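**Q** As a plain string of letters, each chain reads:
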Amino acid sequence: MENKVFFSYCLYPEIKFETYEPGEKIILLLRAHPFTQLSWILYSVFSLILIFVVNIIISSFFAISQLFLLNCFMAVFLLSFIWFNLLNWYFNVGIVTNRRVIDIDFYAVLYREITVARLDKIQDITVKSGGYFEAFFNYGTIFIQTAGTEANIEFADIPRPAEVVQMIEKLLTKRHGT
Amino acid sequence: MELSQFFNLFNSEEAIRWCFKIIAIFLSIFYLLYSVVVKKQVAIMDKALTDRFNQFIFLVCSLQITAALILLIFSIFLV
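Keeping their order, the protein sequence lines are chains A and B. Going by my numbering, the final residue of the first sequence carries number 178, and the count climbs one at a time with no gaps. Going by my numbering, the final residue of the second sequence carries number 1079, and the count climbs one at a time with no gaps.
Derived from the structure by calculation, the hints contain no laboratory data. Heads up, a few of these hints could be off.
[Stated by the list, open to error] Where chain B lies over chain A, by a calculated footprint (3+ residues, C-beta under 8 Å):
1. 7-21
2. 69-76
3. 84-90
4. 102-109
Please read these numbers as outputs of a predicted model, since none were measured by experiment. Ideal placement from N, C-alpha and C gives every residue a C-beta, glycine not left out.
Put together the whole structure using the sequences plus the hints.
**A** So, in structure tokens, the structure goes:
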């Protein structure tokens, strides 16, 4: 197992997933690039500073016990906000196996969507990576088009998109033998 | 009770304390419900994707529920 870019690009990961088929070999586990999570990290830091400022302003209006409880609430809500975003990042994954490509999405922690495409149904793979930050941190979005009724798959903001496409194409070549 | 007496009740420190307490209790209850829902959802996520960090995630979710309970107790008895 090899982890790169803060667990967002894992080669041969030791994981199991819901629709795992016996004998299936997991090759790649992908999450959004950590840089794309910067917005909520900055919000959290800003909120922490705001808590300190609010404390200075309101300290004279409340009793000590009230102030303590107010601080407990603010701290707990801030930590929950961080935890919620961390869970969102951690469980939104793309998986590439020797048989299939799987996209597991959790929207706002509450809604789950699992999209599966068999390798022999894949028709086209498109990489979209544009912009200063995408180029600098080497991340982008991959669209996988499938034939027939199988849903298309999107791996959003994943690191090293070109390498991922190469890997999938290698698997396709092996599978089709061309 | 006269109208002026009624308004004096709301101006008193005791009324503010009770308002604070009621809001704190409601927020704690909502937070407790939210924590339980997140834990249940994490259990579903765990089935969808089992990784070596999942035990740690369960531990943090349990801590979140404990924090919510402590907040509720503080809201009832401390303020």
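**Q** Examine the segment 7-21 of chain A: at least three residues should have C-beta closer than 8 Å to a C-beta of chain B.
**A** holds (count 6)
**Q** Does the segment 84-90 of chain A contain three or more residues whose Cβ lies closer than 8 Å to a Cβ of chain B?
**A** holds (count 3)
**Q** Cut-off 8 Å, C-beta pairs, minimum 3 residues; does the coverage of the segment 69-76 of chain A by chain B stand?
**A** holds (count 4)
**Q** Would you say the segment 102-109 of chain A counts as covered by chain B, given the rule of at least 3 residues with C-beta under 8 Å?
**A** holds (count 3)
Checked against the numbered hints listed earlier, the structure breaks none of them; every hint is satisfied.
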